[in-house]
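**Student:** This is what each chain is made of:
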Amino acid sequence: MMFDSFLQQVNLFFHAFAAQLYLTNILIIAFATLMGIIIGAIPGLTATMALALLINLSYGMQFDLAISFLLGVYVGAIMGGCYSAIMINIPGTPAAAATALDGFPLAKRGEGGLAIGTGVIASFVGMLISIACLIFITPFIYKIALKFGQWEYFLLAVFGVMICGNLSTGKDPVKGWVVGFLGFFTAMIGLDKVYAYPRFTLGLLQLKGGISLIPALIGVFGISEILIVLEEEIPYKILGKITKIIPSWKTIYSLIPTAIRSGIIGVGIGAVPGAGEDVAAWVAYDVGKRSSKQGEKFGTGCLEGVAAAETANNACIGGAMIPLLTLAIPGSPPAAMFLAAIWLHGVQPGPMLPIEHPGFLYEVAISLLIATFFMLILGLIIAKPIASILKIRREILMPIVLPLTVIGAYAGGVRIFDIKVTFFFGILGYILRKLDYPMAPLVLGIILGPLADISFRQALMQSRGSLIPLLGRPVGIVLLVAIAWIAYSGFRRTIEYTRKHTQKDTGMIQEG
Amino acid sequence: MGKMDKMAAADLIMGLFLIVFGGIAIRTSLNMKVYKTFLDAPGFFPFILGIIFIFLGSVMTFSSFRRKGFEQIKQSIKNFQIIYLFSNIKFKRVMILIALMVIYIFIFIDRLNFIIATALYLFFTLYYLKSANIIKIIFISIITSYLISAFFTSFFRIPLP
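Residue numbers (the working numbering), protein chains in the order written: chain A, 223 to 734; chain B, 5 to 165.
For reference, chain A alone in the conformation it holds in the complex (with noise of 0.2 Å):
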């Protein structure tokens, strides 16, 4: 029986492998690529952004060049990152950050180039990891997902924001919820799904459709970037020459430890819901520092530094997928423009995937795949040109992308109201980034919202108002657990964080 379950899943990857090899598909791969690269390249726009910006060049194509398009666009984006880390020490997405802290160093003693040789490599590498553990993990993960009813869907929704909000805040884990939960009332606007009765809509016919999941990710990751990068003009240059990038077969070698390791951490963070890129690259290099023989060089030009950190945010896009096809909940803000993407192709991801559309995780996994080799081929070839790229002033760019993010708006519903909710959006994502609230549990709370909602009714309809049924449910139990242990070490830092400046404070007023 296993084994006819394993043949069927080998069948299923030769088929999508057949089917993704064709000169079409591997030239949208290489374009979306190239432009990952170039736009994650540039300080101020992210890899959520170039998703962003380049999702309505998908509205127009089939659906699997569309998904073939946009991964080939967010594998580029995160590795690309990491030129304009190393060479101007401004991180071109905030996954790529961590990496500054060795790259930069590197391109000051003029070994800028060898540095992005490492990155490019250990992102190749990261991306083989996290494609492999995703095609053997995501199928078992489907099973465990089959047997979920409404109780561990709403304990799932509901963890997938509290986690979110846990990991990405520093300091004080409240902040996160409460942009979680703002999510989660953000998709209660609109008719309810069950009664068709309309919610929070202030009498406005256009609310009843609910707020668009696109143009308010547009708007939060778009429009706030773009606030945030021209509120203030940051003088940039780029130092030392692009001379070698490759590095010699040894220190190649040498990495192969670190980059297994990153890989594997890349994933395990990218399969946390919302965790994200910039958190994967930080652990992994928080790791290698540790573990590492020579990590008291980290942060002073350490190559071992740079192939952590890349391994790790690259790993994390496979990693990030396997929540988003096995239970429609997106691992990083880019798998979050990813999933919205594909719902607007009609595509459900969830358990009922592989029996809908049985070969669609392998098309994944093979179009990933496919990028990954171009990333790797374009990201040497283009090592040495991209210093031009990076010298473009970010006050003539900016301006142009907001008629991008119009566009990528309006395109998918053809409604000027969705380019007024993008914008009502990034102002809100200005001020709360603004606040140190973090964008990434908003999005999380969007998408969720109506999946908690509904599966919270219904469970408790079945249960008549019980809660007595959820002790007989396993995987529910440890889900409550889990986020009982979330609120209660989250509610824990916000104390100490509260204490700690408490006593800063006094201390201040009884010195002064």
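Honestly, the hints are just simulated from the structure, not real lab data. From the three backbone atoms N, C-alpha and C, an ideal C-beta is built for every residue, glycine too. Don't take every hint at face value.
Now the stretches of chain B that chain A is said to cover, found in silico as 3 or more residues with beta-carbon under 8 Å [as the list claims (entries may be wrong)]:
#, stretch
1, 47-60
2, 143-156
Derived pair list, reagent style DSS-like, types lysine-lysine, alpha-carbon separation capped at 25 Å [as the list claims (entries may be wrong)]:
#, chain 1, residue 1, chain 2, residue 2
3, A, LYS656, B, LYS94
4, A, LYS369, A, LYS415
5, A, LYS606, A, LYS466
6, A, LYS656, B, LYS37
7, A, LYS613, B, LYS94
8, A, LYS613, B, LYS134
9, A, LYS415, B, LYS37
10, B, LYS94, B, LYS78
Add chain B to chain A, keeping to what the hints say.
**Tutor:** This is chain B only, laid out in the frame that chain A set:
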């Protein structure tokens, strides 16, 4: 005054806002129609969210109160710091950029052709940001808006506003 101190005041305002917001959410959800039981009603989940907002708002208010958030607000009002905010270069820059976006999204796009609306927006924004000399700005505004329009409509057949 450090960054953390400023956050205490902002957190206090946010905490109070959440308490009020939660109260409104509860009131609105209780007024929603109940079809079978309240557990199944459209207002049930927003009601729960309202309670969560009040709880989280209270935690934030308490935390920021302990971090001297209230004293900072009093100090800010006393020292007219809100007036200083309006003379802050960063604040002014963001406000002008938002105003340009408002004009583009709420006035230009509704009334003008997309190419003209975009060219005008780019011209004024690039001019304000002193991104290049005036000739270059005119050139960039016109060419970019035309290229964006042509690229999306002809090449990808995507509708424009």
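**Student:** Work down the list of hints and note, for each, if the structure agrees.
**Tutor:** Do the hints match the structure? See the list:
Coverage of the stretch 47-60 of chain B by chain A holds. Counting CB-CB distances below 8 Å, 9 residues qualify, and the rule asks for three or more. Counting residues of the stretch 143-156 of chain B whose CB lies closer than 8 Å to any CB of chain A gives 5, so the stated coverage by that chain holds, three being the minimum. This hinted pair checks out: LYS656 of chain A and LYS94 of chain B have alpha carbons roughly 12 Å apart, not beyond 25 Å. Restraint check for LYS369 of chain A and LYS415 of chain A: the C-alpha separation of about 23 Å stays at or below 25 Å, so the hint holds.
At roughly 10 Å between alpha-carbon atoms, LYS606 of chain A and LYS466 of chain A fall within 25 Å of each other, so this suggested pair holds. Of the pairs offered as hints, the one joining LYS656 of chain A and LYS37 of chain B is violated, with about 38 Å between alpha carbons and a cut-off of 25 Å exceeded. Restraint check: the Cα-Cα separation between LYS613 of chain A and LYS94 of chain B comes to about 23 Å, which is no more than 25 Å; the hinted pair holds. Our distance criterion of 25 Å between C-alpha atoms is met by LYS613 of chain A and LYS134 of chain B, whose separation comes to about 16 Å.
For the proposed pair LYS415 of chain A and LYS37 of chain B, the alpha carbon gap of about 14 Å is at most 25 Å, so the pair holds. Using a Cα cut-off of 25 Å, the hinted pair LYS94 of chain B and LYS78 of chain B holds, with the two alpha carbons roughly 24 Å apart.
Violation of the numbered hints given earlier is confined to hint 6; every other hint is satisfied by the structure.
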